[in-house]
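Residue numbers (the numbering used here), protein chains in the order written: chain V, 1 to 150; chain U, 1 to 206.
Treat each hint with caution, since some may be false.
To be verified - From chain U, some residues computed to sit far from chain V (all C-beta separations above 10 angstroms): (1) 27; (2) 28; (3) 40; (4) 46; (5) 58; (6) 70; (7) 96; (8) 101; (9) 109; (10) 143; (11) 144.
As the list claims (entries may be wrong) - With a cut-off of at most 16 angstroms between alpha-carbon atoms, the simulated EDC-like pairs for lysine to aspartate or glutamate come out as follows: (12) V:120 x V:61; (13) U:151 x V:110; (14) V:15 x V:25; (15) U:49 x V:131; (16) U:54 x U:36; (17) U:49 x V:36; (18) U:104 x U:130; (19) V:67 x V:36; (20) U:146 x V:31; (21) U:54 x U:28; (22) U:146 x V:25; (23) U:146 x V:36; (24) V:15 x V:31; (25) V:73 x V:61; (26) U:84 x U:27; (27) U:105 x U:135; (28) U:49 x V:31; (29) U:49 x V:35.
To be clear, the hints were calculated from the coordinates, so they are not data collected in a lab. Everything numeric in this text was worked out from a predicted model, so none of it was measured. Yeah, the Cβ is synthetic: ideal placement off N, Cα and C, and Gly gets one too.
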Amino acid sequence: MERNPLRRQLQIMRKSLFDQGYLDEQFVQLEELQDDSNPNFVEEVVTLYYRDSARLILNIEQALERKPYNFHKLDAYMHQFKGSSSSIGAKKVKAESTLFREYCKSGNGEGCMRCFQQLKKEYATLRKKLEAYFQVARQAGPMETACRPK
Amino acid sequence: MAVNGAVTWLRRAGEMDGYGLSASDTEEVHVLAVDDSHVDRKVIERLLKITSCKVTAVDSGRRALQFLGLEDEKEASNGFDGLKVDLIITDYCMPGMTGYELLKKVKESSVFREIPVVIMSSEKVITRIDRCLEEGAEDFIVKPVKLSDVKRIIDCMTTDLRGGINKRKLRDEGEDRSSSSPTTVDSPTRRLKMTSLEEHVFSSKK
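Please take these sequences and the hints and turn them into a complete structure.
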């Protein structure tokens, strides 16, 4: 049981992110790469992810404005986006990416559009939650080890 | 980290004196990591550093060949042993040159064909995996890459595979993985290559 109130809060936030399905095991993998020499590694990777993927989101948005849809192109963008999302353990975002690709493969334009709206929501929600999480993490100071969620 | 039974052409400590590198530097495995995704490059770099490797990370097959000195298909005349690459780990799906194409170029080179090449891919396509292994890839990792994947690769690299003794095989966790190996995979090296695929395809969890 964590006595330090900030660390306690951090633990609760972290557990919630996993319990609610926002993050998966890959996030824990990243945490395990963090140490005294790289104390902000996870935050750095996540920041990089949001910076990098913004371009892909924009590309997809623009591609969805051109009819008829180029499903091949849409799928290619989403493949890249899904890869990065998977690398940071963004579970819900990754699931939406998978669904989007399935719609691309079946040529379902409306499905793509709907799915993309949902994906953007998940992407934005995760960002807010992680920003809040890292803010507390910085205040709380370095944690000892990553604990595996149940 | 002591590297025993080293990869055959890891340079000897004595040769490095003139370049200001310590003995421990010469024992470090130098990995060339190739991935167009910035996020993935950052992660693989960290994974390799944690496994005590020296890392050069590039964003394309083209740049990888440039680094090796193979770009214009001239043989690299690299006077600096310190820049020698011990392992190439590359993403499969990349714009321009794919990881598979990079693998082929490396294996076609008389200078670099001995460098083990590991392919990473988010897609577990059996035909793709087979094609890479047939072309001489050492192993195939399914993304997202985990620390255990990298540790296994580096660990295997520091085992003399040509000697025929596969340390990993001897130390095998011992579960159904080895018995469920396809019968076509009979050499220790091929069994090693199937590991990452099996972990993902045959694992019962999740």
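Hints, verified against the model:
Annotated as non-interface, residue 27 of chain U keeps its C-beta farther than 10 angstroms from every C-beta of chain V; the closest such distance is 20 angstroms. No Cβ of chain V approaches the Cβ of residue 28 of chain U within 10 angstroms, the least distance being about 16 angstroms, so the stated non-interface status holds. Distance check on residue 40 of chain U: its Cβ comes as close as 5 angstroms (rounded) to a Cβ of chain V, failing to clear the 10 angstroms threshold; non-interface status is violated. The non-interface label for residue 46 of chain U is inconsistent with chain V: the shortest C-beta to C-beta separation is roughly 5 angstroms, within 10 angstroms.
With a minimum CB-CB distance of about 16 angstroms to chain V, residue 58 of chain U clears the 10 angstroms threshold, and the non-interface call stands. Every beta carbon of chain V lies more than 10 angstroms from that of residue 70 of chain U, the smallest distance being close to 26 angstroms; the non-interface claim holds. In this structure residue 96 of chain U is separated from chain V by more than 10 angstroms, as the shortest Cβ-Cβ distance comes to about 13 angstroms. At the 10 angstroms boundary, the C-beta of residue 101 of chain U stays outside the reach of chain V, the nearest C-beta of that chain being 17 angstroms off.
The claim that residue 109 of chain U is not at the interface with chain V holds, since no C-beta of that chain comes within 10 angstroms of its own (minimum 28 angstroms). At the 10 angstroms boundary, the C-beta of residue 143 of chain U falls inside the reach of chain V, the nearest C-beta of that chain being 7 angstroms off. Distance check for residue 144 of chain U against chain V: the nearest CB is about 5 angstroms away, which does not clear 10 angstroms, and the non-interface claim fails. For the suggested pair residue 120 of chain V and residue 61 of chain V, the alpha carbons sit about 10 angstroms apart, so the restraint of at most 16 angstroms is met.
About 44 angstroms separates the Cα atoms of residue 151 of chain U and residue 110 of chain V, which puts this hinted pair outside 16 angstroms; it is violated. A C-alpha spacing of about 12 angstroms is found between residue 15 of chain V and residue 25 of chain V, which places the hinted pair at or below 16 angstroms, so the restraint holds. A hinted pair counts as satisfied when its Cα atoms are at most 16 angstroms apart, and residue 49 of chain U with residue 131 of chain V does not qualify at roughly 27 angstroms. A distance of roughly 19 angstroms separates the Cα atoms of residue 54 of chain U and residue 36 of chain U; the hinted pair therefore is violated under the 16 angstroms criterion.
Note on residue 49 of chain U and residue 36 of chain V: the hinted pairing holds, with a Cα-Cα distance of about 14 angstroms set against a maximum of 16 angstroms. The straight-line distance between the Cα atoms of residue 104 of chain U and residue 130 of chain U is roughly 14 angstroms, inside the 16 angstroms bound, and the hint therefore holds. In summary, the hint linking residue 67 of chain V to residue 36 of chain V is not supported, as the alpha carbons are separated by about 51 angstroms, beyond the 16 angstroms threshold. Simply put, residue 146 of chain U and residue 31 of chain V have alpha-carbon atoms about 11 angstroms apart, close enough for the 16 angstroms limit, and the pair holds.
Distance check on the hinted pair: residue 54 of chain U and residue 28 of chain U sit about 6 angstroms apart at the alpha-carbon level, within 16 angstroms; holds. Among the hinted pairs, residue 146 of chain U with residue 25 of chain V is consistent with the structure: their alpha-carbon atoms are about 10 angstroms apart, no more than 16 angstroms. Of the supplied pair hints, the one linking residue 146 of chain U and residue 36 of chain V is violated, its CA atoms being roughly 20 angstroms apart against a limit of 16 angstroms. A C-alpha spacing of about 14 angstroms is found between residue 15 of chain V and residue 31 of chain V, which places the hinted pair at or below 16 angstroms, so the restraint holds.
Of the supplied pair hints, the one linking residue 73 of chain V and residue 61 of chain V holds, its CA atoms being roughly 12 angstroms apart against a limit of 16 angstroms. The straight-line distance between the Cα atoms of residue 84 of chain U and residue 27 of chain U is roughly 12 angstroms, inside the 16 angstroms bound, and the hint therefore holds. Pair hint residue 105 of chain U plus residue 135 of chain U holds up; C-alpha atoms about 10 angstroms apart against a cutoff of 16 angstroms. With a C-alpha separation of about 15 angstroms, the suggested pairing of residue 49 of chain U with residue 31 of chain V holds against the 16 angstroms cut-off.
Between residue 49 of chain U and residue 35 of chain V, the direct Cα distance comes to roughly 12 angstroms. Compliance with the 16 angstroms bound is thereby established for this hinted pair.
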